[in-house]
Amino acid sequence: MTAYTATVTVRLKHGVLDPEAETTQQALERLGFELEDLRSADRFEIDLEAADADAAAERAEEMAERLLANPTIHDYEVEVAAAAT
Amino acid sequence: MTVAVLRFGGSNCDRDALAALEHLGVDAEIVWHEDGLPEGTEGIVVPGGFSYGDYLRAGAMAARSPVMAEVRAAADEGVPVLGVCNGAQIGAESGLVPGAFTTNRSARFQCEHVHLRVENADTPFTRAFGEGEVISLPIAHGEGRFEITDDALAALEADDRVLFRYCDADGTVTDAANPNGSKGNVAGVLGERGTVAVLMPHPERATLPDVAGPNGAGTDGTGVLAAFSQ
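Residue numbers (our numbering), protein chains in the order written: chain L, 1 to 85; chain G, 1 to 230.
Simulated from the structure, these hints should not be mistaken for laboratory data. Beta carbons are placed, not taken as given, at the ideal position from N, Cα and C, and that holds for glycine. Hints should not be assumed to be uniformly reliable.
As the list claims (entries may be wrong) - Covered by chain L, per the in silico footprint, the following chain G stretches (three or more residues, Cβ under 8 Å):
id, region
1, 52-62
2, 98-107
3, 140-148
Unchecked claim - Some chain G residues close to chain L (C-beta under 10 Å, calculated; not the full set):
id, residue
4, Glu-93
5, Ala-152
6, Gly-181
The task is simple: from the sequences and hints, build the whole structure.
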């Protein structure tokens with residue numbers, strides 16, 4: 001078994017309204033920043049032990065499917081790296 | 001009929017629901033989620049509140065608690081289930097109904113009275129009304145915007161599973177009357193069985209005469225909760 005860190009990024013599907021991101025963008029613009037668009041996402045960093053990177057990714061994907069993401073509104077991606085020692 | 005009003009950590013409309021049901025003469029009790037559904041449960045209310053602090057997404061944690069598996073099994077057997085506000089979010093997260101309730105278009109918590117058009121009067125929750133009738137109920141939510149794919153919404157509409165839509169006082173469904181940006185102005189939907197319903201507005205806050213008042217909530221919630229008083 002090897003220690004991995006799986007990073008699960010959950011973001012709204014393209015086209016789904018994100019009022020919090022819009023509000024954040026407006027606040028940045030009020031501070032004088034120039035920007036075209038702003039998107040927000042949730043990132044989960046999961047430390048786990050697995051036989052190999054594929055097994056770690058598979059488990060993290062199942063976590064995203066069953067809890068971390070809501071398939072109605074979210075897309076997600078999983079990246080796996082050897083845990084920092 | 002013995003109705004179980006579920007209580008999770010962070011539920012806060014459980015006692016309101018109990019009081020409203022008792023006012024209608026319904027035998028109801030509050031059930032702590034870890035205790036599971038009592039034997040002989042003949043109706044289930046998943047009440048409003050902020051279960052688990054709305055962590056991750058409103059309703060996400062409670063939806064995955066063991067008692068919700070019991071609720072889904074009971075719903076499959078035809079036990080009437082009503083999810084209100086956070087209960088609607090839990091219902092959507094747990095798959096009792098399709099779609100999701102997410103952040104209001106305004107990005108704000110909204111607490112106000114709304115008008116609703118009864119889209120389907122042939123359900124236990126709307127039998128007291130006529131199709132197209134306009135009723136008034138209060139809302140109080142920050143994450144009540146109904147999101148669903150266009151195809152899935154079309155399928156819901158084809159199956160007559162939209163229960164209520166936000167509308168103006170005349171019953172016209174307009175964008176201005178949509179308090180939270182819900183797709184299709186949808187305020188409440190039915191599950192696969194017509195005995196399962198979730199809605200963001202609060203019928204239990206518009207049932208007791210003491211809070212109805214001339215400027216109050218009215219008593220239209222009575223008709224929704226009448227599903228449990230047969």
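Now the hints, each set against the structure:
no. : hint    : verdict
1   : 52-62   : holds (count 3)
2   : 98-107  : holds (count 9)
3   : 140-148 : holds (count 3)
4   : Glu-93  : holds, 7 Å
5   : Ala-152 : holds, 8 Å
6   : Gly-181 : holds, 6 Å
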